[in-house]
Amino acid sequence: MRVSVFKWRSLLTPTLSRHLGLALAAFIVLLVLSSQIGAYDDYNLAAIAIFVIATTGLNLLTGVNGQLSLGHGALMAVGAYSTSLLLRGHDLPLILVLPASLTAAALVGAVFGVAAARLRGPYLAGATLALAVGLPQIATRYSHVFGGEEGLTVAPQVAPAWLGADFPPERWIAWIAIAAALITMVLLGNLLQSSVGRRFKAVRDHEAAAALAGINVARTQVVAFVVSAACAGLAGSLFAYWSGLTAPSGFGVALSLQLVSAIVIGGLGSLSGAVWGSIVLVFVPALTGGMASSLNLPSAVGNNLPLLIYGAVLVVAMLLVPYGIDGGLRRLFALARARWAGAASNHKGVVDWDDPAGG
Amino acid sequence: MNIQINQMTTAMSRIAIGCAVALLAACGQSTSTANTASAPGITASEIKIGSTQPLTGPAAPGYSEIAPAANAYFQYVNAHGGVFGRKITYDYLDDGYNPTTTSSATRKLVLQDKVFAMFNALGTPTHLAVVDYLNTEKVPDLFVASGCNCWNDPSTHPYTFGWQTDYTIEGKILGQYINQSLSGKKVGYFYQNDEFGLDGVKGLDQQLTSVASRQNYVPTNTNVTPQISALQASGAQVVVSFSIPAFTALALLTAAKLHYNPIWVVSNVGSDVPTLTGLLTKFSNGAVGGQLLTGMVTDAYLPLVTDASNPWIALFKHIQPTPWDGNVLYGMAAAYTFVQAIKAAGQNPTRAGLVHALETTKLTGGPGLAPYGYSSSNHLGFLGVQVAKIGADGSATTVGPVYTSSDSGPINQYSGTPATPPSNGIPS
Chain A
165 MRVSVFKWRS LLTPTLSRHL GLALAAFIVL LVLSSQIGAY DDYNLAAIAI FVIATTGLNL
225 LTGVNGQLSL GHGALMAVGA YSTSLLLRGH DLPLILVLPA SLTAAALVGA VFGVAAARLR
285 GPYLAGATLA LAVGLPQIAT RYSHVFGGEE GLTVAPQVAP AWLGADFPPE RWIAWIAIAA
345 ALITMVLLGN LLQSSVGRRF KAVRDHEAAA ALAGINVART QVVAFVVSAA CAGLAGSLFA
405 YWSGLTAPSG FGVALSLQLV SAIVIGGLGS LSGAVWGSIV LVFVPALTGG MASSLNLPSA
465 VGNNLPLLIY GAVLVVAMLL VPYGIDGGLR RLFALARARW AGAASNHKGV VDWDDPAGG
Chain B
4 MNIQINQMTT AMSRIAIGCA VALLAACGQS TSTANTASAP GITASEIKIG STQPLTGPAA
64 PGYSEIAPAA NAYFQYVNAH GGVFGRKITY DYLDDGYNPT TTSSATRKLV LQDKVFAMFN
124 ALGTPTHLAV VDYLNTEKVP DLFVASGCNC WNDPSTHPYT FGWQTDYTIE GKILGQYINQ
184 SLSGKKVGYF YQNDEFGLDG VKGLDQQLTS VASRQNYVPT NTNVTPQISA LQASGAQVVV
244 SFSIPAFTAL ALLTAAKLHY NPIWVVSNVG SDVPTLTGLL TKFSNGAVGG QLLTGMVTDA
304 YLPLVTDASN PWIALFKHIQ PTPWDGNVLY GMAAAYTFVQ AIKAAGQNPT RAGLVHALET
364 TKLTGGPGLA PYGYSSSNHL GFLGVQVAKI GADGSATTVG PVYTSSDSGP INQYSGTPAT
424 PPSNGIPS
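Sequence order for the protein chains is A and B.
When you line the first sequence up against the numbering used here, it's residues 165 to 523, in that order.
When you line the second sequence up against the numbering used here, it's residues 4 to 431, in that order.
Please note that the accuracy of each hint is not assured.
To be verified - Beyond 10 Å from chain B on every Cβ pair, some chain A residues (computed): (1) Q200; (2) R282; (3) V309; (4) L327; (5) L409; (6) S425; (7) L471; (8) L496; (9) W504.
To be verified - Using C-beta positions, here's what the derived DEER-type ranges look like: (10) B/T284 with A/A476: 54 to 64 Å; (11) B/V291 with A/G285: 51 to 61 Å; (12) B/A37 with A/I201: 32 to 42 Å; (13) A/T267 with B/R217: 51 to 61 Å; (14) B/R217 with A/L271: 43 to 53 Å; (15) B/G356 with A/L483: 37 to 47 Å; (16) B/S431 with A/L478: 46 to 56 Å.
Said to hold, decoys possible - Derived, one-sided and incomplete: chain B residues facing chain A with beta-carbon distance under 7 Å: (17) K111; (18) L114; (19) Q115; (20) A132; (21) N138; (22) E140; (23) K205; (24) Q209; (25) Q210; (26) L211; (27) P326; (28) W327.
What the hints contain is simulated information worked out from the structure, not anything from laboratory work.
We put the beta carbon where it would ideally sit given N, CA and C, even for glycine.
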């Protein structure tokens, strides 16, 4: 409840208007961009936007609040299954289904967050991993409800008629996902600038000090988990519309680990890091897949090459930019700035990780 | 000399005239029916088709050979002039047997690579993820590599066609064999708890009246001891197994450990002898191998993979001698049917034209033991199977005639004679 109080107060601050302006500009640019590219690129753009929602949420939890979750794929599954079940035999509008799925995931996140707030380090990682492994199994166990391994299909969103008959459905879902991603980023960006965000960071940096400063550590951690789970739920719901199918194999442990690797590659604790990570997540496998098939290798090698290249890219990225792409870029900018300013500047390119918005 | 020269010139002019006539004829043919870019994925020189296959992941062992084998057959056709002069390009992508990946890989094939048709996309859960999408986009979805009867639904999925005999028909014919040849014995079931196993059981239940025990498994749990113990406790003397190869091997090994020796009746997909022998050896660390397969009953809708004297086997083995097993045979045979279908669609095919050709041209002369069932009301491939038995040397022999059926109709004995491939190995 206190979260919402602070959110409303921050409505009056210049931070929100700045974020809103940026988001609006980004929305227009992306809309124009998506109209210029082919339907398959739109499909990938939608995937990036969906992963941005999930990874910003996870980055808030892991990068900002310091709680590692290896189970966010399962929370996406909650959102996706909520959507599929709501749409089973009902023709509900997206505008109702998205918030409902988000709420469902937030509720699961709240329950799990209470348990997670008691756990630290490897125990938290283990518990969230158990969520990632266990939750999709429910779908196979109760196959009459969740459709078993085959999963539940979701009818694609049809673009409104005023966009024309030739408007590709992939572009329409991309627009929806981009809008959802930007709204999420504005809300989370604002949250980070508020006292809630500062409490998240205080708890991450030193729990005892945060407690002495009057912060309720456990409650802060639960709040972070709920917000993060809500993002995963929204991403999962859009994922169901995007892929047309909700099946347990789509939400395996691999997805959860991919989300973690995306925020690490992109840059822990920053909103733009989540964007970079999502781009890597979607484009690297697509590129490596193409590379492998064009090399004309024996099938035993060629089949496994995309996975190998993907792994190698991750390793190289970690070696070259240990603070993620976002950290690497910031360092580059800082170095460039220091160079322009000449020797007078004593800025050594050190990045302030706690201030992702750079303000 | 002169006479000789005269004769030579006469002969030469005759040849010249002959050439000119032939040229004219050739010219006339090529101007009246030139190759055009009649549909997406079709150019004057190329037919591009796509597929999603488990090249990596849990279903890859065995199944990852299917698409390369099909491609080997297409390359053979290309090397012998192609289809109406067009070369077939087969663009198959890995989906790791993950329906979500299938969904995005299929969109890449349709939207970016712009394939004319999908061919032999593998797996029931994986392909169910995209069957609606392909039909909305009106992309021909030929010969799905799965025996689910879900592909035979012309009213909702007019662009989708199955190929292999569906699991329900298979179950019925296996059930009939048990009634006739193993009568009086107690029967138990062991089946995969999804569309595959359940469809098979549906067919079995139409034939068998009493079942001692029904046990199922999920592919994610490799411990089948409880199920096999339950079958043993029920006194089942015959166990019908609708299982994938890995689980056939696990069931056989578990039964051997429990000193339980029923007669195994295993569905086609789970009974490929080379695959099973490899898995048995691997799972038991070399303690046992193919000897556990002796006496196993199974069925076939293609010529037996070990029958080197069969002309189809000789043809396909000539195209790709190694690796050679049931998966390779499967891929090549499906590719043969595809070439039959695309030829039936004429020189400049369209997507709707290909579907129309499959529904109206009665395709015959394929590699199957049973006839194709394609018509406007039936999108099912082979209509039946022949029961076979595995001998001590691992080779199979057929038992009795080929039977055909439908999901709910009666079982009929098929009286047609098996087709032989044309001498150049390419459908005319």
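Taking the hints in turn, this is what the structure says about them:
1. With a minimum CB-CB distance of about 15 Å to chain B, A/Q200 clears the 10 Å threshold, and the non-interface call stands.
2. The beta carbon of A/R282 sits about 30 Å from the closest Cβ of chain B, which is more than 10 Å, so the claim that it is off the interface holds.
3. For A/V309, the non-interface assignment is confirmed: its Cβ lies about 15 Å from the closest Cβ of chain B, beyond the 10 Å cut-off.
4. With a closest Cβ-Cβ approach of about 17 Å to chain B, A/L327 is found to remain outside the 10 Å limit, as its non-interface label requires.
5. For A/L409, the non-interface assignment is contradicted: its Cβ lies about 4 Å from the closest Cβ of chain B, within the 10 Å cut-off.
6. With a least beta-carbon separation of about 17 Å from chain B, A/S425 lies farther than 10 Å from that chain, consistent with its non-interface assignment.
7. For A/L471, the non-interface assignment is contradicted: its Cβ lies about 7 Å from the closest Cβ of chain B, within the 10 Å cut-off.
8. With 10 Å as the threshold on Cβ separation, the claim that A/L496 sits away from chain B holds: the shortest Cβ distance comes to roughly 32 Å.
9. Annotated as non-interface, A/W504 keeps its C-beta farther than 10 Å from every C-beta of chain B; the closest such distance is 42 Å.
10. About 33 Å separates the C-beta atoms of B/T284 and A/A476, a value inconsistent with the hinted range of 54 to 64 Å.
11. The hinted window of 51 to 61 Å between B/V291 and A/G285 is violated, with their beta carbons roughly 46 Å apart.
12. A C-beta distance of roughly 34 Å is found between B/A37 and A/I201, which places it inside the suggested range of 32 to 42 Å.
13. Checked against the given bound of 51 to 61 Å, the beta carbons of A/T267 and B/R217, roughly 41 Å apart, lie outside it.
14. For the hinted restraint 43 to 53 Å between B/R217 and A/L271, the CB-CB distance of approximately 38 Å leaves it violated.
15. The beta-carbon spacing between B/G356 and A/L483, approximately 55 Å, falls outside the hinted interval of 37 to 47 Å.
16. In this structure the hint that B/S431 and A/L478 lie 46 to 56 Å apart at CB holds, the actual value being about 52 Å.
17. A cut of 7 Å between beta carbons decides the hint on B/K111: the least distance to chain A is about 6 Å, and the hint holds.
18. Taking 7 Å as the C-beta contact cut-off toward chain A, the hint placing B/L114 at the interface holds, the least distance being around 4 Å.
19. Hint status for B/Q115: holds, given a least beta-carbon distance of 4 Å to chain A, under 7 Å.
20. With a least beta-carbon distance of about 4 Å to chain A, the hint placing B/A132 at the interface is held under the 7 Å criterion.
21. Look at B/N138: its Cβ only gets to about 12 Å from chain A, farther than 7 Å, so that hint breaks.
22. Interface restraint check for B/E140: the shortest CB-CB distance to chain A comes to about 10 Å, outside 7 Å, so the restraint is violated.
23. Given the 7 Å rule on beta carbons, the hint for B/K205 is violated: about 16 Å separates it from the nearest Cβ of chain A.
24. Interface restraint check: B/Q209 against chain A, minimum CB-CB distance 23 Å, threshold 7 Å, status violated.
25. Look at B/Q210: its Cβ only gets to about 26 Å from chain A, farther than 7 Å, so that hint breaks.
26. The beta carbon of B/L211 comes no nearer than 24 Å to any beta carbon in chain A, farther than 7 Å, and the hint placing it at the interface is violated.
27. Nearest Cβ of chain A to the Cβ of B/P326: about 10 Å, over the 7 Å cut. The hint is violated.
28. Hint on B/W327 is violated. Least Cβ distance to chain A is approximately 15 Å, over the 7 Å limit.
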